[in-house]
Amino acid sequence: MDAIRGNMDKTILPSWVSPVPRDWGTKARGKLSAGHWKVLFTLHFPITLIWLWRNKTGRMKEILHNILVLVTMVELAGLKSTSPPMAKGYDDNYKKYVKGVQDLFKEDTITPVMHVAGHIGGNLRDFGPSHSRGAQFYERRDGVHGYNKRFIHLLQQTKTNNKTGEMEDTFMRNQAHAANLMSLIEGSKDVRSQATEAVKAVQRGTNYRDEGLALATLYNLDVNLQAHDTRPTNYQLEPLSHEESQLLKAHVAEKYGSMDIDTPDPERFRVHKLKDIEINALRYTCIGISTYDCDARVCAIVNGKKEMGIIQHILQTRIRNTSRSPLAEQYSGTDTYLIFQLFTPPTLQLEDPYAAWQQHLNTMGLDITGHLYNPMATNPPRVVIEPENVQGHIACTDITPGLVHIKQVSRVRQSTSLCK
0 MDAIRGNMDK
10 TILPSWVSPV
20 PRDWGTKARG
30 KLSAGHWKVL
40 FTLHFPITLI
50 WLWRNKTGRM
60 KEILHNILVL
70 VTMVELAGLK
80 STSPPMAKGY
90 DDNYKKYVKG
100 VQDLFKEDTI
110 TPVMHVAGHI
120 GGNLRDFGPS
130 HSRGAQFYER
140 RDGVHGYNKR
150 FIHLLQQTKT
160 NNKTGEMEDT
170 FMRNQAHAAN
180 LMSLIEGSKD
190 VRSQATEAVK
200 AVQRGTNYRD
210 EGLALATLYN
220 LDVNLQAHDT
230 RPTNYQLEPL
240 SHEESQLLKA
250 HVAEKYGSMD
260 IDTPDPERFR
270 VHKLKDIEIN
280 ALRYTCIGIS
290 TYDCDARVCA
300 IVNGKKEMGI
310 IQHILQTRIR
320 NTSRSPLAEQ
330 YSGTDTYLIF
340 QLFTPPTLQL
350 EDPYAAWQQH
360 LNTMGLDITG
370 HLYNPMATNP
380 PRVVIEPENV
390 QGHIACTDIT
400 PGLVHIKQVS
410 RVRQSTSLCK
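Residue numbers (numbering that gives the first Met the number 0): 0 to 419.
The calculated DSBU-like cross-link candidates involving lysine-lysine, where the alpha carbons are at most 35 Å apart (straight line), are: (1) K26 with K60; (2) K158 with K30; (3) K254 with K199; (4) K95 with K9; (5) K9 with K79; (6) K304 with K94; (7) K305 with K37; (8) K95 with K37; (9) K304 with K199; (10) K254 with K274; (11) K60 with K94; (12) K37 with K60; (13) K55 with K26; (14) K55 with K30.
What the hints contain is simulated information worked out from the structure, not anything from laboratory work.
Model the full structure from these sequences, guided by the hints.
This is how it looks when you write it as structure tokens:
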């Protein structure tokens, strides 16, 4: 437990992750929330135990394997989307876990909770993802800035006449309205598009974007790539360095196939440097904005490969209108680009125990264990990516001098091609 607490102190988490209290597991702390247990079990336990027991054999290695199988089960059960292969993957891991418990702890018996866990695979097949019916929705819903919106509190705020026999009907009608609205949004592309535009209008018209973000998250609206360019303090207008300009010009030349990267274009590349951007209703920042750059640390697709790194700059440029019509506007819109600093894999002849376990487990394509990387270099390799390349935030842990453990974490839960 001391080793886990020590690594927790060295782990940089995204701002939306509620950190586990350092005195967890003590009488003074008492019980943890379900969210804290999930962070502890799916993130901090694997980080520490895999490294601590990397050279263990026999019983200790088998215990670690069983723990990681259980972590895989938790991740599969919490996916936002599922499919028959994913449900089968859960069942296969559940059977391995139960057999592991029976082999490793022969004196123990199967508990009711373990029995109930065996029904989750069937529930995924019959009823879909767990978030649509999970009890935690009725207990708590995390807000974007750390406060909690309680479902029971929402019921308390419903206007009623406090008369027994009528109050229950009011609650039912109120929730039926919400359910019908969800069905309408999910079933009509036109309504969904209008709702998305309404959310964007709410965000543009107020500094308090929580209500719009909550609606977008609840109904899975496509509020993507919305930079916070509506607030004057969010950006500054300044030229790029020569290296940054060359990177951006090369990317734009490849994208549009119409620009000579050696030809200066100061009008186009005098860009807005944004402090943050919203992608899929999540906030990402550039270096120097969030604490320890926690919201600038992301996973992204670069040249078809998943890479880990830090967002150095968020840039917004104008798109020149190519229409020859004399009535056409000079600019047709804006493009947003991210200059992305890459973490590099270790160069030493060191076997990555996290990668080894990832290959050994039946993870169904999910990142369960994370991987080892070199610390961010003074002059790291940099690439230009676009917002749609960003896959999510990452958690970074200085696991040992000269090595950083990195694992992707997802607020809306991971998904894989097997979910489709």
